[in-house]
Each structure stands twice: as structure tokens, then as C-alpha cells.
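Chemist: Based on the hints, put chain B in the right spot on chain A.
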Amino acid sequence: MKANKLILFIFFAAFFTSCENELDIEPKQREDANTTLSTETGVTNVLTGTYALAANGNAYGGRVLLYADLLGVTGVLSTTDLRWRGTFGELRQMYSKNMLSDNVIIEGTYARLYEIINASNTVIENIDKVKDPDRQAVMIGEANFLRSLAYFDLVRFFAKPYETGQTNNQLGVVIRPNAIYDFSVDLSKERSTVEEVYKVIIDGLNLAYTNLPEDNGFYADKYAAQALLARVYLQQGRYDLARDAANDVIENSGHALSQNYAAAFNHDTDQAEDVFSIQITKQTGVNDAVTFYASEGNGGRGGDFSIRDAYLEKFSDPDDRAEFIYENEDNGRILTSKFTDQFANVGIIRLAEMYLIRAEGNFEEGTAIGNTPVDDINIIRERAHADDLATVTIDDILLERELELGMEGFLIHDIKRTKRSILTETPDGDPLLLTYDADKLVFPIPLKETDANKKITQNPGYRI
Amino acid sequence: MKIKLKHCLWLFLLFVQIAAAQESISGKVTDKKGLPIPGANIVVQGKNISAQTDFDGLFKIAAKKGEILVVTYVSYKTVEVPASNNITIQLDEVQNELETVVVVGYGTQSKRNLTDNIARVTAKDIQQIPVSNVQNALVGKLAGVQITQTNGKVDGGINIRVRGAASISAGTQPLYVLDGIPLINDDESSNGAPTNPLLTLSTNEIESIDVLKDASSAAIYGARGANGVVLITTKKGREGKGTFTVNLSQGVSEATHKRKWLNAKQYVELLQEAGRNVNDLESVEDELEYLSQGTDWRNGEVDTNWQDIALRTGYTTDADFSASGGDEKTKYFFSGAYNNTTGIVDSNTLERFTARTNVSHKVTDRLTLGMNLGFSRSLIHRVQDDNSFSSPLQSVAQAPISPARLEDGSANPNTEYSNYLLAKDNTFWKTIMRRLTGKLFAEFRILNSLKFNSDFSYDLLSQTEDYWQGKNAPFMATDGAVFATSVNTENYVSSNYFTFDKTFAEKHTFNVVAGMEFNKYNRRYQDVNSIYFSSDDFQTVDGGAEVNEGHGNETDYAFVSQFGRLNYSFQNKYLLKASIRRDGSSRFGKNERFGVFPAFSAGWVISQEEFLKDSKAISNLKIKGSWGKLGNAEIGNFASRQLYRPNPYNLKSGLTFDQPGNDDLTWEKSAQTDFGVEIGFIDRFSIEADYYQKDTDGLLFEVPLPISSGAASINKNIGKIRSNGFELTINTKNIDTENFKWNTSFNLTTNESKVKSLPNDNRDIIVGYNINRVGENISSFYLVEYAGVDPDNGDALFYKNTKKADGTRDRTTTRNYSEAERIIAGNPFPTLMSGLTNTILYKGFDFTFTFQGEWGASIYNSAGIYQSTAADYFDNQTADQLNRWQNPGDITDVPQARFGGSNGTQDSSRYLDKADFVRLRNLTLGYTLPKDVLKDLGMSSLRVYFTAVNLLTFTNYEGNDPEARRDDSGIGEDFYSAPPARTTAIGVNFNF
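These protein sequence lines map, in sequence, to chains A and B. Going by our numbering, the first sequence opens with residue 5, and the numbers climb by one from there. Going by our numbering, the second sequence opens with residue 17, and the numbers climb by one from there.
FYI, nobody ran anything at the bench for these hints, they're computed from the structure. Possibly wrong hints are sitting among the right ones.
[Unchecked claim] Each computed BS3-like pair below joins lysine-lysine, with the alpha-carbon atoms no more than 27 Å apart: (1) A:K193 - B:K819; (2) A:K423 - A:K444; (3) B:K770 - A:K458.
All figures in this text were calculated on a predicted structure; none of them were measured in a lab.
So that you can see chain A by itself, here it is in the shape it has in the complex (with noise of 0.2 Å):
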């Protein structure tokens, strides 16, 4: 009996024994952040996955470039280029000009774009993990590069425009010059001016093209900097620079034109007028644009963003890109053939912009560097079958930019930094005419970033 007694103690006991260390589990599919930034591949990978950031829908998949026209046309019947017939009430908000805080597309985009930020600062603030130099340097570029291109978006959409040749006080977007690891602490920061988040761009991207390599296969390359760096010289209507800056895309980036204007779009690897596209497969990124801009044959919604006559009366005869269009048979509506792959790559930046950027900056400094306005425009034009213009005016060339780069996230930015207007309705049907700095055509804060961040400022015009 004791025997049996002793048996039963230890066995017992047994069962009592610590199990304790069956507590220590690691995720599956996760990884310590600690483990991800103390190796050259962790942090290799974070690059790359702010890549995969870029690539959703809310961001550079697409909608980035869909809210520039939503915002910049008329949304009046009788007169608008583009009419929005999708169900979605947050961007029916942007093509009527009545934007609410708690608009919860402008908030995934705002999020996405700060994500893209603070992965960028985390490449650049570990890079010493990385060992190879030269490798570290086009890391660091193609960080800078990524984090100026969602400032320069966030700065456009969400603060007041810049004005050209005065210092920009206004309110811009909050600046987050450091990567962030503890979140447990108070994040609150009031938004910088518009000039220094300007500045954070240029120096990013100078930085950008110093380090990059000419081709750095479908990520940002020197040229993809340099193009970039147009865009925002020319938003800031710094014409000389914008002029200088396209003119080297064009004539030592090695991109071309496609042979004829279809051939530039829906792309599954990029084709030599891409300068910069963001890449879409089966598996990875989704292409927005597709999504509302096509046909449900196409892999869209069926066209929630349909062409009017008005935007097709603006070609002249004959034009290619005026016959870039299509019936869906479903509804009836005419819809762009620009976006007809819903795993084709979201075009960024084509070589197309350049011209015309270079254009524009010879026009306004009245200069012919790399070449007239007037041919360049004409390049343009020939390659979509257009009758050549004997001679250009400003509006030609602001138009010819309507022309070629419709729907292709342009609409509202070149209204805003032209200083142009646009003609809408009120709710009530009463004409109101918005110009190019109204509080209207400005996002609002998102609601989600104030009830949180209690140092930043909303907008005019929005209570919440």
C-alpha cells in the first residue's frame, strides 16, 4: 500500500509540473520587429514592402489619380468632362465638392501615404545593417524617392496650393522627419507650412537622383527622381527648373515614346515611356484605376467614371486619343481605354508629361532648351495621328496636357497651380464658382487624424 501510495504521489506530481515554458510562442506569420530590422534582408524587404504600400488601391493602385479628376472636373451635367455615376457616396463627396471629415477613402489614402512615409525613415535610419555602400546609397534614394512622392500627394490634396514666388506660410501636411518605433508615447504634431513640406521633397528627391542608378529595373532609377522633381518644380510654377529637369528625363533617361498612344497603357511589364509605374500581377498591388474607370467585362464597376461629350469636343480631328474610348454594351456609357487590365501596372510617371512640362517651361521662360515648345507640343500631337499646331499659346499647351493626360491624375493640380476656376452647382442648382485655392477643392483633415493628433489643425471650412 505505501508502494502503491508513492506511485500515485509521483504520479501526481507530474501533473502538476511546470508546463511553463509551452507559453513561449512565436507568430508564424509575423515577425519580431526587432528580428526584421537586424538584418540587411529585413530591412532590404521593408524597402520593398513600402513598394507593396504604394501598390494599393487607396495609393498609387489607383486613386490617387482618380481623386485629381473627381476634384477637378465640373460635376455639372451640362458641363462636366467626366461624369461620376458610381455608388460610392465618399467620392461622389469629391465630384460634387462637398467633402466630409470622416470621409473614410481620404482617410485610407492619408493613413497609406503616412505608411509609405515611416517605412521610407525606417530604410534610411537602418541602413547600417545593409553592408555593401553602393548598395545602401540607391536604398537610401529609392526611399527618399518614395517618401517625396506621397508628401508631394499629400501636400497637394490636403493642404491650400502653393503660390509661386512668395513664401509659403499656409498650413501643409504634419512632417515626420524621423522613423517612429514607439507608439507608445504622445504622436501629436501640428501640420508644417507648405513651404517646408516642399522642401522635405526637393531635398529628398535631389538626393534621390544623386544616389540612383540610370536603371534600377521597375523601381525608382535616377530619371524616375528627376521626373518627379519636374512635376514639382512645375507645381510650384518654377518653370526654369521643371524645364531643366524634364529636358534631362528626355534626353538621357533612354526612354522613348511608344510607337502609337495605345501602345502607352495597360502594361503588365514596363514598356520604354514608362518612367515610373507601379507594378500590379495576379498577386500583388490592385489596380484602381481599372476598377473605376472600366467596364465590368474589363474588371472595373462598370464605369462609375464615364466620359462626356464635353471632354471629347475638346480634340480636334483627326486624334487618336479621342478614339481611345469604348461603349460598355451593359450600360451604354463611354468609358477611356487607358485602363482595360485589372492586373496591367498603374502608370506613375510616362515620358509623355515631360514634353510637356518642357513645354510649358520654355513657353513661360521663353527659352528653347532641348527644344521649341511648339515642337514639342507637335511631337505629342503626331504621335495620336493630330494635325500638327503652327504655332502654341499657354492654352494650347495647358489644354494639349488635357488632352494627352486625361484621367491620368493631372485634372485638379494643373487648375490649381494655373490659378483657373471651375464651375459647379451648389446642392441647391445655383451656379458657384470655386477658385483655384477654395476651401472646397482642398481635403479635408480626416477626422480619425484629429480626434487623435490634438495638435493639428483642421482645414477651412470643416468644423469636424
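Modeler: The following block gives chain B in isolation, referenced to the frame of chain A:
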């Protein structure tokens, strides 16, 4: 393995105390039918000697012949007999609720000596109610337990709140324990709307459900007890003649309530007016032309009632059987059940079978082994979540002038929104839940007063989903697509514990439980998607030309726990209970990995005192109080870690920041205090009243971050909430005669759950339409306040509600929404709940009905900004929009119709409505045929019955139904949500 001696020390002491019993008198204790009663307590009167019966009801006690033996056992009348050898003592069962045995963690206890607060229902309360899930059958029957079905889908989720919320961001659902097995309760749905994993249970196998509400009872479940614990006990066989029961029923269901929508004529009238008011009749009529697809919309040629297509008549079929019985060594229970439910939501069905076997066998006098094993398969044809265009209920947004189908019978593809009939015809979403739950158990009686239980349990939930989309499915650009998921979730638990039961000197009764438990959980998930199909005949992944996407992941957690409990009663008068549990979990950072959860309670049974003992009027009077600590660990498996996740780009591997970490993250700790009183009068009228207060500290919070930081939220233990309220239960036997019995049970609960403190200096936390603000109800609605319509011009008005210098709010109105500030506009949770059940038995008839009521909650209809806008867009409108302002001087709360004019269509209290209701929750009328009629048929009983669920609803709520809530997100929100079903069924029970 290292052995921790300190854990074992007390155990050792127990063993050395083991003393051999002396032999003298032996005997047997049985019930009236002669079946042995194990565990009965025998005391020699006037001496400090006691014994307990074994499994055969046998006992031995050191007593001399002629000494008086006092035999007691819960649920039986105490007997005093003179001792004699080989004596057989018969105990009479008492039909007194005080003698009811309730299930507590790791054991049972009689209600008489209970100091806990436990609500209980038994098989007879829930059987044959025609609902497809067990939880739904409990509604209105348990004080302090709020059970809300999300909506009317057969697979709809269920929300249970035990005494209000103990958490805001972490899980709020109770822990479910079936026969000692903590059940997997993960929603494994991939389509946004939840599935209810407990759908896999059938009511016919359930003996009882006990809800542990207070800390004293739930603390034995430590870190997982803060939201209450639901103990489900399955049926077991009893010694004696075997019984065989069959039950069949067939029911019909309809929606409880449907909202009224505009018909074609009204729709056209309102839209034309809206177009004219903004000088844009042309574009309105263009679109009407398109929507009507060439039919004569001006004269109402097509008038489609989309709601009637989406909500149909449902059917339920239930068939189940059970067999049970046993002899002195072996006891068995077998059951099987079949349920087939055609939901009231189009394309939504459930087919389920369940089976169970519970067997135990006495291997030796001391050792009993047994196994409980249940399996089930539930096949559900699901529809998309409420926020999906192809959810049937979203079709109420379609224009009534649009034909639903074309002349050839195919779905009309040219509607305002994607026609859900396209999804119905060209897609399916098939979910199968398979569940296997088993327990192998051993009970070893070391001494009459000491036993050891060892259980090994296993729970497997295996769920697959197949989502097929054909060529003509909405938004289809790849000639079809198939998405298939598979998830296996396993939970295995080893529990080992000792139970010591002894009464010393007739006065001091001890019950001690001590043990340990190890619980490991694993979840493994895979999905794959394929596209480009040659034809719609291929509906599996293999049919696609390209497998374009796949995922796979796995996650684990583990708990290691030790627990102990002591119950002491002195002369059944003074009751004392203490329990403690120490839990360790993998979910928390190394430094904060363990928690200790103590609880204490005490009771005084005043009616046992001399001055009341003989009172006829007061049969029971007890006061009790308890305090204890509980934890809530439901925050995800790796919530404390700073993590990166894979995020590839162009098929190159990439990593993206996933979650900010917090090394100090630990359990939510809830302290709960309970005071209660139980009063019984002349054994026919009993009242139980309790006051409770639950304080949760170190609330787990996803604290919103400025999104400009690059992260949306961080998990922190910060903040406090307090839930408190009263619970009252009154049971009466109104009439109690041989042929006529009428019992009434009434319960009432109040609950208030307030935020006490919040992170970041009590900064408001706003998520969607809900706010958590200090001093306010949890998740209060936070909305701009609608002020009605300006009678002069039809403009919608809002109260500004901006804070003035003196702290008051500016109550002037504005037509500019942006000038108005949000205010706390309502509570998504009820503050008063009540249930009333009457049971009337008259000869062969039985009649039961339950009323249920809830007061204090509001529901926000977040689809109101599309549905009730006086034709701001082409969505069909609720019928009340016809009351729009038309002429100066019109007094109405519906603004002027303005197409695209956003006239009052923003989110505001305009779309918030009180959801108070009283409902005839269920009603059952049965008739049992007289026994003599049945003799020849070989049956022991035959009963036919009529039963109904949600038969009547009384409410002023304007939406579909106060229990139709959005199923993909949101708190207290309605978004095209289906009303629940009103089901009536007839059935028959046979007993052989």
C-alpha cells in the same frame, strides 16, 4: 520537466492524512426506485463520525447498532434511522428548487448552499424551440444575461453579454465550457459576416446550461472568466430501464417585420420632384429611362417589390432521437439530431446533423472511466455580408421601376446597383462546419471523501468554405472564379483535480477542489483562388486555368493553470467559499505572463437559525456577498508584439510594419462585487435579488494613434469601466394541484456600463459612430444632432451644439452640416431587460410562453443616408420620405426633395432610433395523450405540440426589427440587415 515542490506540498499533506477506515456497520442508500445514490453523506448522530456512499450507494461507518444515522444528500429529504447491519436506507426526492444542483466549474453544488450567482436553464426550458442555435433558445430566461441575435440569417452571429460589458476592445463573449471542455468559439467566416461556431450544438443533447455570472463562481476560470462562463452539460444515462425518445417537428417562418418602401409610382413622383427642385429633371429622367429598361416607367408598367424577393418564407425541419439507460456498472446515452432550415433570407439555408454518445463504466469499485463524444456537420449556404452589393437585403435600394428579371428569366443586369439575383443565379457560398468534441475521463475514488478526476479533452472545428462565381456573376472579368478556404482549429485540454468532501462533527462541511489544467490551441488556415474557367460547369479550384492567389497561416496559444476552491458550511447556516486560480498564457509579454485570480464569498442562511427554522411562512432566507478578480485574455494571440508582416511587391518578397508593440501588455483585470438575498415563502414563492458591480481595470485598448504616425492603433492596458445593476428573479407556483399546475418565472435586470477612465488623459475614443468618453455609456452613439426642417424653405437643419464660453452648448440651428458638432446621442445597449415565463399544466395539456423586453438601446441606421433622403439619389426610399417638405409653411421632419442636393442626408441623429421592444419570444402548447391509450402502441408517452418563436413584437422602432443589426462591423448599427424570423412549428414526441 522540473518539478515545483511548492505546488505539490499541500498535495503531499493530503496523502499523509489518508487514514484507513474502521469497519463496523455497512449498508446501502437508494432512491425510491431502489437505484443507488452515490455520494450521500452519513453521520452518526452526536458523534464526530461520518461516511459517504460509493458508486453503488454502499457505505461503511463506525457505528454501533441502534445509534442514529443521519443521511443527507442534495435534492433528497434528510432521513434519520437507527443503525443496523446491511441496512437499506431509502431517500425521497424533494421537488424544491433549493435542492437543485447547479454545475460549477470542476464540480457541482446544491443551490441551498450556494453563495455564487449562477443562472440555470435545463433541457425542458429549451427543447423544441424552433431555432437553429442553442443560444437563441435561452433568450429571456436568464436574469443578467443579454442574448442578441445579430440578424435573421440562419448562420447569424450571437452576442451574449453577461452583466453588461467587461471590456471595450477585447472580446466580450463568455467562455463556453461543454462538459469541462473550453469550446472553440472563433468566427471563421471569410465573407465579412460572422458564422456562429456554436451552431454545431443541438439542444436535444443538452441537459442543462449554467451561466456563472459573478466573480465568486467564475474565478475558477481565472483569466478567461471576466465575461462570464457558460457551462453546458450534456445528457447522461441513468440506471434503470432504457428509454428511447423521438421528436419530429416542422415549421414555417416569415420575417418579423418588413419596412415599407416606395412603389414605382411614388418613386417616380418623388424623383421627378427632386430633379425639378434642382433644375436637373433631365438627368433624373435619363436615368429613370435607363433603370426602367425601356418599359413605361411614367405609368408604372414595372413595379418590383425587391424586399419581397429578398425575404421569403422559410421552413424548418427538426428530427431527433435519444436513447439512454444503464445498469449498475455501465451507463449510456446516445442521441442524434437533424435540422434543416430554409432561412427567410433568399439563398440562405442550413442543414445540420449532430450525434453524441456519453458512456461511463465502473471498472472497479474505485475507478470509473468514461467517454463523451459528439460530432456534427453543418452545411450552410450563405449570402454575402450586409455591406455587400450582392447581399439580398441590399436590393431594397434598387429602383422599383427596374425589372428584377428579364423576359427570358435571367437576372436583369442593368439595375442601379448590381442585381443580387445575378449573385443568386451565378454564385454560391457554401460553408461546412464540422465539429468533433470529446472527453475521456477517469474518476478514482481514493477514499470515500477524496476522489481524483483526470480528463483529457479534444475539440476540433474544421470549417471549409467554397465560393464559386460563374461567368455572369457581378463584377466578373475572369470568366469565373473559385475561392476555397479550409481551417482546422484544435483545442486540447488536460485537467487533473482532487475533490475532498467531508462533514466533521455533523457541523463542519468541507468541499475542497484543487488541480491543474493545461490547454493548447492551434489554428491552421489555408485558402486558394483560381480564375479563368472554361464553363460554369466547373465549380472547384481545379477547373480554373490559373491559380492566382493562395494563403496559409497557423497560430497557437497555450494556457497553464492551477486552481483551488474551498467550500465550508457550518450547520448549513454559515457559508464560506474561497477560490483561486493562477493562469499563465502565451498571449502576454514574458514579464506579465502570469495572473492570479482570487475570489471569496460568504452567505448566511437565516432561515436555518432557531428563530426562523420552524417558520411556515418563510421557508428560505439567505443573504450572501462575494468579491473576486477575473481576467480577460481575448485580445488576439500576439497583441503585445511589435511585428512586421509579409507584403510582397511584383512577386518580390517584402515586409511591412504590422503592429506597434507593447511589452507591458497583460490581462484585463475585472473585480466584481455581488450582494444578494434569497427569500422563499411557503415553498411557493421565491425571490432572488442581487446587486452587482463589475470594475474592469487595465482595459485592453486599441488606442487610436494619429494616423500620420504610420500606424492606426496600439494595444494598451489602460482605462477603466464599471458595469453595475440589479437582478431580480421571482418564481411562483400560482396553482399547484394534481391536475392543474401554473408556475410563473419573472426576471428583471438593469445594467449600466460606464467608461471611468481612458488612455491619453481621458481623450475620447471615437470609432465610426461610437464614442467612448469618460462618464458616458460604453460605445455611445456620437452624432450631429438633426433639428428637423426649416418650414420656410425645406432645408434640413442641425443643432450647432458648439461649446460656448460658459460651457453650455449653442442650441441654434444651422443648415450647414459642417457648422454642427457631434454630441452623445444614444446608447447602443439596453439598460433594462426583462423576461416573463409562464408554464401551465392542465391534465394532459402543457402551455408555456415567454415574453422578453429590452429598454434603453438605440440603433443607428447607417444606410439611412441612402434610404431616407427624399430622393437624393436613385436608391429606393423608405415610404416615410413621402412626407417631404413641399411648400413654405409645411411642418415635417423630411426635408425638401433635392436630387444630389445632400439636403440633410449626412450622418446625424436623423437616422438614430430607439429600439425598445417587448416580444412574445416563444410559446408552446402541447398535449400528452393519456397513458392507457398508448399501452397498445408500446409507447410510454406521446405528446403533440405547437410552438412558435418571435410570434408578436411590440415596438415603436421604425427600422426592420430591433434585432436586425449589421453583421460585418459596427456597434448597434443597422445596414440593410435582415429582420429575425418568426417561426411557428408543430411537432410530436414519442417515448418508448
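Chemist: Confirm or reject each hint.
Modeler: So, going through the hints one by one against the coordinates:
{"no.": "1", "hint": "A:K193 - B:K819", "in the structure": "holds, 24 Å"}
{"no.": "2", "hint": "A:K423 - A:K444", "in the structure": "holds, 15 Å"}
{"no.": "3", "hint": "B:K770 - A:K458", "in the structure": "holds, 24 Å"}
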